[in-house]
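Based on the sequences and whatever the hints tell you, model everything.
Count the sequence shown with my numbering and you get residues 1135 to 1426, in order.
Quick caveat, the hints were computed from the structure, so don't treat them as lab data.
Using N, Cα and C, we set each Cβ at its ideal position, and we do this for glycine too.
Heads up, a few of these hints could be off.
Computed spacing ranges between beta-carbons, pair by pair [said to hold, decoys possible]:
no., residue 1, residue 2, range
1, Leu-1414, Gln-1320, 50 to 60 Å
2, Pro-1190, Ile-1252, 41 to 51 Å
3, Leu-1256, Leu-1154, 46 to 56 Å
4, Ile-1322, Val-1227, 17 to 27 Å
5, Pro-1150, Leu-1346, 15 to 25 Å
Okay, derived cross-link-like pairs now, DMTMM-like style, lysine to aspartate or glutamate, Cα gap no bigger than 25 Å in a straight line [claimed, not checked]:
no., residue 1, residue 2
6, Lys-1343, Glu-1327
7, Lys-1199, Asp-1388
8, Lys-1215, Glu-1327
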Amino acid sequence: MATSSRQRPPGFPRPPAWLLLVAPATIFLALLFVLPGLRILSFSVMQERPSAGESPVWTLDHYEKLFTQPLYRSIMTRTFKIAFMVTIVNLLVSYPIALGIVRIRNSWIRAFLVFAVISPLLTSIIVRTYGWMVILSDRGPVNRFMMWLGVIDEPYRMLYNELGVTIALVQVFVPFMVLSLVSAIQTIDPSLEHAAASLRANRLQTFLKVTLPLSAPGIVTGSVLVFILTLGSFVTPVLLGSARTMMAAVLIRDQILGLFVWSFPAAVTTVLLVATLVLLLIYGRIVRRWSM
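Rendered as structure tokens:
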């Protein structure tokens, strides 16, 4: 019998099906993230402006400048501090909302709460930030309400400082934290809480001993997501911040568009990228440990 013309030659085994499925996404990610990331890394260790016709000079001066000069070190410290504060406040605000969404039995009320949480995502972040500029201004509703209560005698400055940036970023990233927490709280078996109540545990004890530990995966997921997103925030720090509250993304913009340099902002970008990858690796290890 003649050999079929479609028979694969020896030495060329058919690739597995999963490889054919993964290959397009892998190639896309490589072109979109890996190659630009390597390019940024190469810029970060390159002399700022090599002479024409000369090969680039490799140096770590940009990293030394970033971590030794007080101005840039304070900007990086402030970026991570604001990211930490936004994450903590976001968690404290979002957890009761997520718990209420899961525990409310009325489907209409639950749907309304979910829509109220995710509806800000349908609005431009620029519009939301301008809204916060009105709310937090000296003559805005927040200052007027506090003066009406007698808490303050004159308007409290909440714009162009870390407080205003933090408040706005908390609101911007609440949907991501709430959705992460809802997905985790929904997986908790209600019988576990009933069992704790049958053992004479009050609501606070049940929450601290049962609900909170079992919702830890959602807490970690939401916290990592919010922290990473805050590290790269740009629009809100630009509109609500100032030169004294500059964050890393604003520094990168000013260096590239203002000073027309590439290597130093590439070093700043690399530091943020490494911090993001470290957080993702820690998150992956925690998730694997929980899944065992």
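Quiz prompt | Numbered hints the structure breaks, given as an ascending list | solution = Those not satisfied are hints 1, 3, 5 and 8.
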